[in-house]
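**Student:** In terms of numbering that gives the first Met the number 0, the sequence shown is numbered consecutively and its last residue is 324.
DEER-style ranges, computed between Cβ atoms: (1) Pro320 to Arg132: 44 to 52 Å; (2) Ile228 to Asp201: 16 to 24 Å; (3) Glu29 to Phe164: 18 to 26 Å; (4) His316 to Tyr31: 38 to 46 Å; (5) Tyr66 to Asp259: 47 to 55 Å; (6) Gly279 to Glu74: 49 to 57 Å; (7) Asn240 to Ser57: 45 to 53 Å; (8) Thr167 to Ile12: 27 to 35 Å; (9) Gln196 to Arg132: 32 to 40 Å; (10) Val257 to Ala18: 51 to 59 Å; (11) Arg266 to Gln196: 55 to 63 Å.
Rather than coming from a laboratory, the hints here were simulated on the basis of the structure.
We treat Cβ as the ideally placed atom computed from N, Cα and C, and that holds for glycine.
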Amino acid sequence: MMSIIGRMIILEISNNRRAEIKSCVISVLEEYGQPFVPVKIGNLIRSIPYIKLITYNSQIRKHHITYNELIVDSETADSYAVWNKTQDCYCIYYNDMAPNVVNSNRVRWNLAHELGHVILKHHELCKLHKLFRSGLATNVYNYIEAEADYFAQLLLVPHVVLYAFKVTTEKQLKDLCQISGPAAKNRFRDYKQWIKQINGNDDYDKPLFHYYYNFIYKKHCLTCGASIIQSSGKYCPICGNNTLQWGDGKMKYTTKIVLDQNSKAIRCPVCDNEEISPNGNYCHICGTYIVNQCTNIGDHYDSCGQLAAANARYCIHCGAPTTFF
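Can you build the whole structure from these sequences, using the hints too?
**Tutor:** Take a look at the structure:
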């Protein structure tokens, strides 16, 4: 394989290298991920034993420095990864404080980007514990950034899932994958190109589809409550009704809940508090709403709001979800 420095001279990721990065993404997902979109990037990284996630906020408190001092020292307001060569482990530091980073979902891209640097072994290849822009030649820095971005886009925006969910707009992609507006714009452009040349036997798309198969086709029956994996057909194989809906259909609370005559929990289903006030509908310990009732409540003429049984996920009167679902 051509050395990474050699590839950086051209500043273009070759097809062979793209295939290698795709293989890395599949391996990471299968070993550490959960087949779910939006990808739970924080959970994924935390499950990798040789990587530790550290927030900017914790570093400010630990070292008694200001936010601006941290940004100057780290040379980035986004994120960075540090390699401990002796222990062969990594720390990923990320900005959890700037509203423009956190509220835009840019932080999710930042985490996936840094994970890309780690998985693709950029620190080892460059023989650096930290990939400072000031410590690398411009073409070298730009190339490894491009590779890390490519890794991030593959990880966070799985085209096979977009296609299965019939995504047709940039906003749908943005909402489903929970990425920032600018990232969604670029990824939607790539997705439209991908659609033009779909190949069911592609070396990357085929195993990725297999990985997400159960997520794509999980359904639950609104009639009998059955949870199934079904790629075709609109009828429930258990009760025969045409009431299948995408999702796992699980109740918000999995333990058996005992209700009083007013459909109010005897114990809080979240914190297990048993000192429930007879006059209120909220747990005074954790604030959970503890009455199971129809969520169709409002000023409209067809509003419902009827009380529901402990195991009811949908209202038997109007079909709306209950508060415990």
